[in-house]
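Work out the full structure, taking the sequences as your base and the hints as a guide.
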Amino acid sequence: MTAPLEHLIRNSLAHGIETPEQRTQQGKSRAGRIILSVSRDESEIVFRFRDDGRGLDRQRLHERAVAMGLISSDQTLPEAELDRLILRPGFSTAPTVDQIAGRGIGMDVVHSELKALGGSLQIESRPNEGVEFIMRLPFTLVVNPVLLAELQGQVYALPIAGVQGLARLTGQQIQEALQAEGRAWSLRQHYLLRQLADWLGASRGEQLFQAEERFPVVFVLTQGQAVAWVIDRIRGRREVVLQPLGSLFKNCRLYSAATVAPDGSVFWCRIWPSWRSWPLPDGERRKMRWRRRQGQRRPPRRACWWWMIRSRCGG
1 MTAPLEHLIR
11 NSLAHGIETP
21 EQRTQQGKSR
31 AGRIILSVSR
41 DESEIVFRFR
51 DDGRGLDRQR
61 LHERAVAMGL
71 ISSDQTLPEA
81 ELDRLILRPG
91 FSTAPTVDQI
101 AGRGIGMDVV
111 HSELKALGGS
121 LQIESRPNEG
131 VEFIMRLPFT
141 LVVNPVLLAE
151 LQGQVYALPI
161 AGVQGLARLT
171 GQQIQEALQA
181 EGRAWSLRQH
191 YLLRQLADWL
201 GASRGEQLFQ
211 AEERFPVVFV
221 LTQGQAVAWV
231 IDRIRGRREV
241 VLQPLGSLFK
251 NCRLYSAATV
261 APDGSVFWCR
271 IWPSWRSWPL
281 PDGERRKMRW
291 RRRQGQRRPP
301 RRACWWWMIR
311 SRCGG
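The opening residue of the sequence shown carries number 1 in full-length UniProt numbering; numbering runs sequentially from there.
Derived from the structure by calculation, the hints contain no laboratory data. Check the hints yourself; a few may be wrong.
[As the list claims (entries may be wrong)] Listed next, with one range per pair, are the computed distances between beta-carbon atoms:
1) Leu70 to Thr19: 27 to 33 Å
2) Gly69 to Gly236: 56 to 62 Å
3) Leu77 to Arg238: 47 to 53 Å
4) Gly118 to Ser37: 17 to 23 Å
5) Gln122 to Val143: 22 to 28 Å
6) Leu5 to Tyr255: 29 to 35 Å
We put the CB at the ideal spot given by N, CA and C, even for glycine.
Spelled out as structure tokens, the structure:
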């Protein structure tokens, strides 16, 4: 997207943003504004590029289209079709040719680049308020930073967003945190201790942690939830292109996408889960069944065995 964005900036400077004197006469600030925002809309990445200039001169667009023989002088086009004339090769409304404008290749490049990527372009122009270009790209074409984590020999691609730090905790520290029932053992942020293998359906039951052995832990803060995930091994950080799983996996809640490694192996990608969807470990189920047999009230789901700990990212 580098080339399209560069052309859009040149286009705004050449055609959109008025001179300081013109802006002052129209009650605008002397300095023009160019705003770029990026967001995700379901399966698409949306780029919104807009300026607060004069907007598209549709009268000039019509005159130029007539001069190029694209339409007849008495033919009237809808505003949306007039606006899209600027995407044609060789089409320009600049009165002179210079290093920035007049060659009619800027917006043509933008449109061609988006089409090559499987994207789309929408134009919204308002006279004396500016023009906005809305570019949509498939999410699978976006390079995503991920953390590669290994569990029982399988490598998973975990989103880097929300990761606050990494640490290697001893088995004794982990066991104490699991048994503490709310007792914190270090300073800083409170985290809920959780084994990522349990969530991914690869639970090893009530795993015994050797006291002196160190285990990698990923500290994640997302959706207002702080969780410390215990894993087997950290394989590093990588930027990958995620691929959708297809209709056969549309009901799969464990994985959102996958990526193929250079050696041909597949890494499953999982979004960080919400605690509301966490399954109860087998050990906690047995404890809760025992409590029900004893006539005790079932505790809230969120107060189960993954007790509060506080991170110490230095190990």
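Okay, the hints, checked on the actual structure:
Evaluation of the 27 to 33 Å hint for leucine 70 and threonine 19 yields a pass: the beta carbon distance comes to about 30 Å. For glycine 69 and glycine 236, the hinted distance range of 56 to 62 Å is satisfied, since their beta carbons lie about 58 Å from each other. At about 48 Å, the CB distance of leucine 77 to arginine 238 agrees with the hint of 47 to 53 Å. Our hint of 17 to 23 Å for glycine 118 and serine 37 holds, since their Cβ atoms are close to 21 Å apart.
Checked against the given bound of 22 to 28 Å, the beta carbons of glutamine 122 and valine 143, roughly 24 Å apart, stay inside it. Take leucine 5 and tyrosine 255: their Cβ atoms lie about 32 Å apart, and the range 29 to 35 Å holds.
Checked against the numbered hints above, the structure violates none of them.
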